[in-house]
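A.B. asks: Listed below, chain by chain, are the residues.
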Amino acid sequence: MLEARSLTLSRGERSLFEALSFAVDPGEALILRGPNGVGKTSLLRVLAGLTRADAGAVFLNNLKLTPLSDAQRAAVLYLGHANALKDEYSAEENLTDQLALDAVASSREARLDALRRVGLLMQRHVAGRKLSQGQKRRIGIARLLLSERPLWLLDEPTNALDQDGVALLLQTVDQHLAGGGAAVVATHLALPLRGPARELTLQENAVTTPVDRLAETQ
Amino acid sequence: MSVVLPTAEMLPTPERGVWVAAARDIKLAMRSKGELAQALVFFVIVVSLFPLAIGPETALLKRIAPGVVWVCALLSVLLTLPRMFQQDYTDGTLEQLALSRYPLPLLCAGKMVAHWLTTGLPVAVVAPLLGLQFGLDSRELMVVVAGLLLGTPVLTMLGAVGAALTLGVRGGSILMALLVLPLYIPVLIFGAGAVESTMAGLDAVANLSLLGALALSGMVGVPFAVAFAVKISLD
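So the protein lines, in turn, are chains A and B.
Letter 204 of the first sequence, counting from 1, is numbered 204 in this note's numbering, and no numbers are missing.
Letter 186 of the second sequence, counting from 1, is numbered 186 in this note's numbering, and no numbers are missing.
So here's chain A without its partners, still in its complex pose (with noise of 0.2 Å):
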């Protein structure tokens, strides 16, 4: 589904990597991996189309894309460090204002559906200001089950999640996988997907090696 080719990318005059090349097939997850600052953001930026690569090209189902083209934009769901909650909302507004965005139609039953799945049921009318992170990270996956996009990529979804909001996550990932979508994840936790992950590892330098392990847990 998701192809890079020789991507290359340099902020200033440090090297984040270099003729980085991948491939992600539907039903499969790539797990970023890596120390701080290894350049794992950019690399998601770069395959959303939000930052432009020094070199190389992101490929869709085998067809170039340009950055944040209709194509892309409509293939993406981009979760970065930033939830994208306004204080001023409610959970509930803030799911439906992002659903809008996203322009996906969604009855308000699914709505609260969701929020019931990510157990933000009875907290759907508090103020986004008030909202611990974790809950705000739970909006998130809320967004995650209701935007029909095939391509995740998700900046650390884990951070501020409790237990239960990463099995949570795991098991969105997994039936959007199983549903023949696929997700890039950067996450310093293990991920015991089912489905079919793949690691890549960006390391200092722009030395970067693809552990190409097809790993089938469980």
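Heads up, a few of these hints could be off.
Below are the SDA-like pairs computed for lysine to any residue, each with C-alpha atoms no more than 20 Å apart in a straight line [what the hints assert, rightly or not]:
hint, chain 1, residue 1, chain 2, residue 2
1, B, 33, A, 90
2, B, 27, B, 37
3, B, 231, A, 127
4, B, 231, A, 129
5, B, 27, A, 93
6, B, 231, A, 82
7, B, 27, A, 52
8, B, 62, B, 124
9, B, 231, A, 71
10, B, 33, A, 129
11, B, 231, A, 54
12, A, 136, B, 87
13, A, 130, B, 90
14, B, 231, A, 90
15, B, 231, A, 52
16, B, 231, A, 67
17, B, 231, B, 172
18, A, 64, A, 3
19, B, 62, B, 200
20, B, 33, A, 93
21, B, 62, B, 137
22, B, 231, A, 57
23, B, 62, B, 172
24, B, 33, A, 127
25, A, 64, A, 26
26, A, 64, A, 96
27, B, 231, A, 75
Bear in mind the hints are in silico, worked out from the structure with no lab data behind them.
Let chain A serve as the given structure and place chain B on it in line with the hints.
C.D. replies: Leaving out everything else, chain B in the frame of chain A:
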């Protein structure tokens, strides 16, 4: 207070993006009414300072009225510009806007519509009341309002480009003012010029037409420029 706006489902795609973005920003603005009122209160107070400072010299007040009203309108719009993108940039919404299925230029156009409805329009509405303090007659007041209605959208559009370009820059708001204020000069000249020519017994149509032309041509090009600037800021 709740605003009734067309819901997204009522409109066709992708033009719907304009309404999605506009409705969103207006709803958010309504949640922080204090902030919403600031620019308008600023406008009212600063304009009112002049009659107080100069005293009851009707001739002089009337002479400076067009300039004062326009400079104050310009400054109060300038004050609100950071509101358009800064918060969205900080909380990550801007990334999501760029990745939205709706085209970014249309979403930016929606944001500008919302900005004008919450700043330019209120300024144009209260301007006649303030004009009375300067002894403007009804015909002149009408030209003031017409000029502001045509000119403030241009202030919003030019300001949006500046606001988007200076996102994430340290000391961005001063830089934005330095960037935007010179671009505001034509609007100021035509806007104040329209009122002045009415005072001189001439027709204001020429100046107003020029303001209208600026607004129309801005609507065609500016959303793309703003979207481009937003993409650069996110890169």
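A.B. asks: Evaluate each hint against the coordinates.
C.D. replies: Outcome of the hint check:
1. The straight-line distance between the Cα atoms of residue 33 of chain B and residue 90 of chain A is roughly 17 Å, inside the 20 Å bound, and the hint therefore holds.
2. Between residue 27 of chain B and residue 37 of chain B the CA atoms are separated by roughly 14 Å; this keeps the pair inside 20 Å, and the hint holds.
3. This hinted pair does not check out: residue 231 of chain B and residue 127 of chain A have alpha carbons roughly 30 Å apart, beyond 20 Å.
4. Annotation: proposed proximity of residue 231 of chain B to residue 129 of chain A is violated, straight-line Cα distance about 27 Å (limit 20 Å).
5. Straight-line distance between C-alpha atoms of residue 27 of chain B and residue 93 of chain A comes to about 11 Å, which keeps the hinted pair within the 20 Å bound.
6. Our distance criterion of 20 Å between C-alpha atoms is met by residue 231 of chain B and residue 82 of chain A, whose separation comes to about 17 Å.
7. Pair hint residue 27 of chain B plus residue 52 of chain A does not hold up; C-alpha atoms about 33 Å apart against a cutoff of 20 Å.
8. The straight-line distance between the Cα atoms of residue 62 of chain B and residue 124 of chain B is roughly 18 Å, inside the 20 Å bound, and the hint therefore holds.
9. Under the criterion of a C-alpha separation no larger than 20 Å, the hint pairing residue 231 of chain B with residue 71 of chain A is consistent with the structure, at around 17 Å.
10. As the CA atoms of residue 33 of chain B and residue 129 of chain A are separated by approximately 17 Å, the hinted pair is consistent with the 20 Å bound.
11. In summary, the hint linking residue 231 of chain B to residue 54 of chain A is supported, as the alpha carbons are separated by about 16 Å, within the 20 Å threshold.
12. For the hint linking residue 136 of chain A to residue 87 of chain B, the alpha-carbon distance of about 17 Å falls within 20 Å, and the restraint holds.
13. Restraint check: the Cα-Cα separation between residue 130 of chain A and residue 90 of chain B comes to about 18 Å, which is no more than 20 Å; the hinted pair holds.
14. For the hint linking residue 231 of chain B to residue 90 of chain A, the alpha-carbon distance of about 28 Å lies beyond 20 Å, and the restraint is violated.
15. Restraint check: the Cα-Cα separation between residue 231 of chain B and residue 52 of chain A comes to about 10 Å, which is no more than 20 Å; the hinted pair holds.
16. With a C-alpha separation of about 10 Å, the suggested pair residue 231 of chain B and residue 67 of chain A falls inside the 20 Å cut-off, and the hint holds.
17. For the proposed pair residue 231 of chain B and residue 172 of chain B, the alpha carbon gap of about 17 Å is at most 20 Å, so the pair holds.
18. A hinted pair counts as satisfied when its Cα atoms are at most 20 Å apart, and residue 64 of chain A with residue 3 of chain A qualifies at roughly 9 Å.
19. A hinted pair counts as satisfied when its Cα atoms are at most 20 Å apart, and residue 62 of chain B with residue 200 of chain B qualifies at roughly 12 Å.
20. Note on residue 33 of chain B and residue 93 of chain A: the hinted pairing holds, with a Cα-Cα distance of about 18 Å set against a maximum of 20 Å.
21. For the given pair, residue 62 of chain B sits about 10 Å from residue 137 of chain B by alpha-carbon distance, which is consistent with the 20 Å threshold.
22. Restraint check for residue 231 of chain B and residue 57 of chain A: the C-alpha separation of about 18 Å stays at or below 20 Å, so the hint holds.
23. Restraint check: the Cα-Cα separation between residue 62 of chain B and residue 172 of chain B comes to about 36 Å, which exceeds 20 Å; the hinted pair is violated.
24. A distance of roughly 16 Å separates the Cα atoms of residue 33 of chain B and residue 127 of chain A; the hinted pair therefore holds under the 20 Å criterion.
25. Among the hinted pairs, residue 64 of chain A with residue 26 of chain A is consistent with the structure: their alpha-carbon atoms are about 17 Å apart, no more than 20 Å.
26. For the hint linking residue 64 of chain A to residue 96 of chain A, the alpha-carbon distance of about 32 Å lies beyond 20 Å, and the restraint is violated.
27. At roughly 18 Å between alpha-carbon atoms, residue 231 of chain B and residue 75 of chain A fall within 20 Å of each other, so this suggested pair holds.
Of the numbered hints stated above, those contradicted by the structure are hints 3, 4, 7, 14, 23 and 26, listed in ascending order.
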